[in-house]
Amino acid sequence: MKINNFIAAPGNAYIIAEIGNNHNGSYSLAIQMIDQAILAGANCVKFQMRTLDKVYRKRAIESSGEDLGTEYVVDLLKRFELSKDEHRQLFEYCNSKDITYLCTPWDSSSLEFLEEMGVLAYKVASADLTNIPLIELLIQTQKPLILSTGMSTTEEIRFTSSVLDKANAEYAFLHCNSTYPAPLEDINLSWIGELKKIHATVGYSGHERGISVTIAAVVMGISIIERHFTLDRNMEGPDHAASLEFDEFSRLVEGVRQVEAALGSANEERPLSQGEMINRENLAKSLVSSGPLKSGSILSAENITVKSPGQGISPQHFYQLVGKTLLRDMDAEDFFYPSDISSTKILPREYTFKRDWGIPVRFHDFKKYYESSKPELVEFHLSYQDMLLDPAEFIEKPHECNFVVHAPELFENSELLDLASPDLEYRERSIKNMQRVIDLTVELKKYFPSTATPMIVTNIGGFSMDKNFSPEEVQVGYEIFSQSLELLNADGIEIIPQTMAPYPWHFGGQRFQNLFVHPEEIIKWCDKLQLRMCFDISHSMLTANNFNYCFYELCEQIAPLTAHLHIGDAEGLNGEGLQIGEGSIDFVRTGKILNTLAPLATFIPEIWQGHKNDGEGFWKALELLEPVL
1 MKINNFIAAP GNAYIIAEIG NNHNGSYSLA IQMIDQAILA GANCVKFQMR TLDKVYRKRA
61 IESSGEDLGT EYVVDLLKRF ELSKDEHRQL FEYCNSKDIT YLCTPWDSSS LEFLEEMGVL
121 AYKVASADLT NIPLIELLIQ TQKPLILSTG MSTTEEIRFT SSVLDKANAE YAFLHCNSTY
181 PAPLEDINLS WIGELKKIHA TVGYSGHERG ISVTIAAVVM GISIIERHFT LDRNMEGPDH
241 AASLEFDEFS RLVEGVRQVE AALGSANEER PLSQGEMINR ENLAKSLVSS GPLKSGSILS
301 AENITVKSPG QGISPQHFYQ LVGKTLLRDM DAEDFFYPSD ISSTKILPRE YTFKRDWGIP
361 VRFHDFKKYY ESSKPELVEF HLSYQDMLLD PAEFIEKPHE CNFVVHAPEL FENSELLDLA
421 SPDLEYRERS IKNMQRVIDL TVELKKYFPS TATPMIVTNI GGFSMDKNFS PEEVQVGYEI
481 FSQSLELLNA DGIEIIPQTM APYPWHFGGQ RFQNLFVHPE EIIKWCDKLQ LRMCFDISHS
541 MLTANNFNYC FYELCEQIAP LTAHLHIGDA EGLNGEGLQI GEGSIDFVRT GKILNTLAPL
601 ATFIPEIWQG HKNDGEGFWK ALELLEPVL
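Under the working numbering, the first residue of the sequence shown carries the number 1, and numbering increases by one thereafter.
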């Protein structure tokens, strides 16, 4: 179900803060509640509207003969209703704050007014699930309908569903127990499954105390959540006692989003997360050679042993190796790789790209990769420990290729580079570390005389621990980064920020990245600061997945700003740096965009663990990319 551009679905619940009549007739209180609902993370605030003489019998309104319960409710409604003009102002206020205003019309007159106002969808109260005349009027609006099922029998729900289906209405049922507050033993979450058999789109409207039950309902595959919202549970009125105050509602939203993130998908194959793959590399076991071995040797069980880390093939393949002919020399405790089982290995060759290509290297393996592949450029991926080394020990003489430097993300004392930090002392240390990178890059120029102005790829910082920056904090972050640039002596080099993923892996996926993520901001600040970008394809695919952007439209936006490319595949929200073809990127389509809008941008294949087995992951990526770049 789509409501105001939000697609409500299992794993992406639409969260309604049901204000109802908890404003107690106060317009100013209603405004406060909208602001608080926004802060709590609600997608929508919902009100109620009644024309009392259309809803209740005359004697109920006049308090002449109805039972005490009805008399009490009607008295409250008389005092707590907002005027139509106040509803109109709340509607406009919600629009200005980018939160959806919804309302439950309890009668045809209220519906007529709400239609004139332009309400985007309607909620049907449990009391009106069987009110077919009102439902037929709601169907005629052709707006999405959300219907609570409290107080209704299975047969009544089925009947209303048949009416809605016959009219091809877009609707959702909310599982609900209409007791305020609802006893836990009466909620019966298990019936959500039965309700889904009647109609596929189902949500949950909770009236229980606390938030645990509502969060549990997320696991049942609900698409919508509705909870009553109040600023004070002790206020007068029938719904306050079953409502959530701000802190509880905030925790509810947080809990729902956490559970949704944790749900994943019921794939037949168990996927490995990025964090698991990292730990597998560091902690798991591998097959390694028990001693030196010569090419042509027939492997025996005595030639193979099991040791950490897990950077070679799994010990499960032990007996697949036995009897294989070795096609390379090995030192003691060298890893065995899949190519040792298949007796095939991808080797570097001459490539015919339309643009300059390169490979990522470290100081210690530069010579090996340069001599084996003769790349047109190398990109030095520096660690903070590399910063302490003398490049002359590894490079020795000038070379014909160009070079790029990738600044470390992590420096001494486990401190991440952050040129946008509001902490002045932290930022000063980051500026100092960045200047060290610049100075080293300038020193490297003598070994690569073809590179007049070397580029430095950097993750500039702008991360947060618990939640994303507010728009105001994002603006401040970019301004601070701008100030940091002015304090750097960057003569003779070009700093190119890298497009970032929302949860980068060097943060362990547990921090939020806020700068150089969204294309509109990147365009704005590149223009303002006269910057070009390192377009990290894999990072930006994760951004597109996380924020429901069209990745290829994002490519068209960023490509004209691109000086250099990091190319790898990606999947989901944290699957970055995958081998080409192992994620969800269409590289034929992406290549056409890049060839048109960024024809001069250089690139490297940035494949996680691509350096293993003498760079086999890089050579495979280059083989696959050659037809499209």
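Treat the hints with care, since some could be wrong.
Mimicking BS3-like on lysine-lysine, the simulated pairs with C-alpha atoms at most 30 Å apart in a straight line are [stated by the list, open to error]:
(1) Lys285 / Lys345
(2) Lys368 / Lys345
(3) Lys620 / Lys368
(4) Lys397 / Lys368
(5) Lys294 / Lys197
(6) Lys324 / Lys307
(7) Lys467 / Lys445
(8) Lys97 / Lys2
(9) Lys368 / Lys445
(10) Lys324 / Lys345
(11) Lys397 / Lys285
(12) Lys324 / Lys354
(13) Lys374 / Lys354
(14) Lys324 / Lys397
(15) Lys354 / Lys367
(16) Lys445 / Lys374
(17) Lys432 / Lys524
(18) Lys397 / Lys445
(19) Lys467 / Lys367
(20) Lys592 / Lys354
(21) Lys467 / Lys446
(22) Lys97 / Lys467
(23) Lys528 / Lys592
(24) Lys620 / Lys592
(25) Lys446 / Lys524
(26) Lys620 / Lys367
(27) Lys367 / Lys397
(28) Lys446 / Lys432
(29) Lys285 / Lys620
(30) Lys374 / Lys307
(31) Lys285 / Lys307
(32) Lys374 / Lys397
Label pairs and their in silico Cβ distance ranges [as the list claims (entries may be wrong)]:
(33) Asp466 / Arg158: 54 to 62 Å
(34) Ser300 / Cys550: 49 to 57 Å
(35) Ser273 / Thr325: 52 to 60 Å
Think of the hints as simulated: they come from the structure by calculation, not from any bench. Each residue gets a CB set at the ideal place from its N, CA and C atoms; glycine is no exception.
- Which earlier hints can't be squared with this structure? 5, 7, 11, 12, 14, 19, 21, 25, 30, 33 and 35
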